[in-house]
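4 protein chains.
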Amino acid sequence: MKKHTSRNPNFVSYVKSKIEKNYFSNHIGLTFDKIEEGYIEASAPFETFIQQQDGYVHGGFTSALCDIVCGFAGYTLVEEQQRVMTVEIKVSYFNRGIGQKIIGKGSVVKAGKQFFFCEGEVYAINNGEEILMAKATSTMAVIHKK
Amino acid sequence: MKKHTSRNPNFVSYVKSKIEKNYFSNHIGLTFDKIEEGYIEASAPFETFIQQQDGYVHGGFTSALCDIVCGFAGYTLVEEQQRVMTVEIKVSYFNRGIGQKIIGKGSVVKAGKQFFFCEGEVYAINNGEEILMAKATSTMAVIHKK
Amino acid sequence: MKKHTSRNPNFVSYVKSKIEKNYFSNHIGLTFDKIEEGYIEASAPFETFIQQQDGYVHGGFTSALCDIVCGFAGYTLVEEQQRVMTVEIKVSYFNRGIGQKIIGKGSVVKAGKQFFFCEGEVYAINNGEEILMAKATSTMAVIHKK
Amino acid sequence: MKKHTSRNPNFVSYVKSKIEKNYFSNHIGLTFDKIEEGYIEASAPFETFIQQQDGYVHGGFTSALCDIVCGFAGYTLVEEQQRVMTVEIKVSYFNRGIGQKIIGKGSVVKAGKQFFFCEGEVYAINNGEEILMAKATSTMAVIHKK
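Protein chains in written order, with the working numbering: chain A, 1 to 146; chain B, 1 to 146; chain C, 1 to 146; chain D, 1 to 146.
Simulated from the structure, these hints should not be mistaken for lab results. Do not rely on the hints blindly, as some may be mistaken.
Copies of the same chain look alike in the list, so a pair counts if it works inside one copy or between any two.
[Said to hold, decoys possible] SDA-like, lysine to any residue: derived pairs with alpha carbons at most 25 angstroms apart:
1) Lys16 <-> Asp54
2) Lys113 <-> Gln82
3) Lys101 <-> Glu41
4) Lys145 <-> Ile98
5) Lys21 <-> Ser43
6) Lys3 <-> Asn126
7) Lys18 <-> Asp54
Can you make the complete structure from the sequences, with help from the hints?
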């Protein structure tokens, strides 16, 4: 994976200021564990409210987690005041999720001027074993400040 | 849109029994407004907890809503005891979401034996105006009872 | 489907000038049957060279056809000298293709300033019956002239 | 990348027998350079007929190449007489393609019983430099012999 350089020297505090006000990611139980240039890691405990009717992680939680880690991975690279918006995202579901903790990893794969290509992965940690639940690919638009 | 025929005469109660235990869709505020053969409509009020940092609907909520209405649209057609699981979903974001109510519509477009192709749409209702926020296409696998 | 207005009054001749030099679409047998604002229709006879090993239309031909009709649908709307490039495309395969003629239809669904959302459909005409082979969704970038 | 084991000890000759009759992949100039368990590599010289109107590789060629290497990667793993068909494919275009040779690489990422998740990459070789043109993710169905 190519290393990216942020256009914002204060990207950690900029991303944290966005995360703080991101009501939906808080509502679904996410904590942000890594904020690096072009990379975000977030996780959630296996609460009942992220599950579907058979006791597995809900696919909607998984797609939301992919969107969140991809989007904030984009935010680590843009200039102060620029914003990142999802143009489209595709999520493929590899394995059912069950365990104690769910982890999402988002990376910027290519950072263009107008949009970024990002990729996400979601893992379930089940008794120490890491299961790949889903992979995502996404296009993110960079919204320039006015 | 072609009309589908359910393989389950009791599909309404079957789908309702699944929705009831779907913790995640309850957690993000969804109510199910229509349960028809091959079609589901669900909505949520514009609560703060479905928003991102700029006051718009979070893209992760939108993708989750697409997944939920597409998946339950699949559930309306399968046999009692069969289940439906998302293989993959792609969501394209057309417009930002703001308003008083968010509506998701999911349809089965083609019902094969082993998997269904579904499509979803998400609208924001803002002062009576209906804005198309997102469109989704999805592949759902039919899990046969053992 | 919302009607679009081209930013180029001479869009028909502009698109034709692009099609003429589009070696790949000629190579795979395409003829362009309709060039309208935000809409393109192209077709090919069921030649052996568009088939795979079982005598059906090759999925790669189908995805190429989707890309071509979506891309040129975008070209009908842009200004003279602007170009349209595919950011991403997803194709879902509904039915195998066999028959006498294959038709692709591409539409711009939303025309933004920087990119367009397009949708494609591919049909096989088999003894007068029209079979939906595939549906596509695509993001196209508008490349502004320098 | 996890190593896969074919369900067919004669997978090389089985795949070759399919490639031979694959008219479309021949028509667009492909040669198959590697046939391994869960992995296919194919390439084409930079002929005029794979180009679009600006002298770059046509996006439709690229999506077709992704479909072909992903599909045949699936064919390396199935039983004799089983077939592999594309359910859906998404291609993201990272860079324009220009050079002397185009290479496609397809891998099976997860081999389930009923379907495979595959990923593809397309590179342009330009004066010895390798440029990543596109990445693809795909779902392939395993068609069981009757």
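Do the hints match the structure? See the list:
In this homomeric assembly, lysine 16 and aspartate 54 come within 25 angstroms of each other (Cα to Cα) only across copies, at 14 angstroms, whereas the closest approach inside a single copy is 34 angstroms. For the identical chains of this complex, lysine 113 and glutamine 82 are neighbours both inside a copy (12 angstroms) and across copies (18 angstroms), given an alpha-carbon limit of 25 angstroms. When the C-alpha separation of lysine 101 and glutamate 41 is checked against a cutoff of 25 angstroms, the pair qualifies only within one copy, where the shortest distance is 13 angstroms, while the shortest distance between copies is 31 angstroms. In this assembly of identical chains, lysine 145 and isoleucine 98 lie within 25 angstroms of each other by CA distance solely across copies; the values are 20 angstroms between and 41 angstroms within a copy.
When the C-alpha separation of lysine 21 and serine 43 is checked against a cutoff of 25 angstroms, the pair qualifies both within a copy, at 17 angstroms, and between copies, at 23 angstroms. When the C-alpha separation of lysine 3 and asparagine 126 is checked against a cutoff of 25 angstroms, the pair qualifies only between copies, where the shortest distance is 23 angstroms, while the shortest distance within a copy is 30 angstroms. Taking the shortest alpha-carbon separations for lysine 18 and aspartate 54, only the inter-copy value of 9 angstroms comes in at or below 25 angstroms, while the best intra-copy value is 34 angstroms.
Checked against the numbered hints given earlier, the structure satisfies every one of them.
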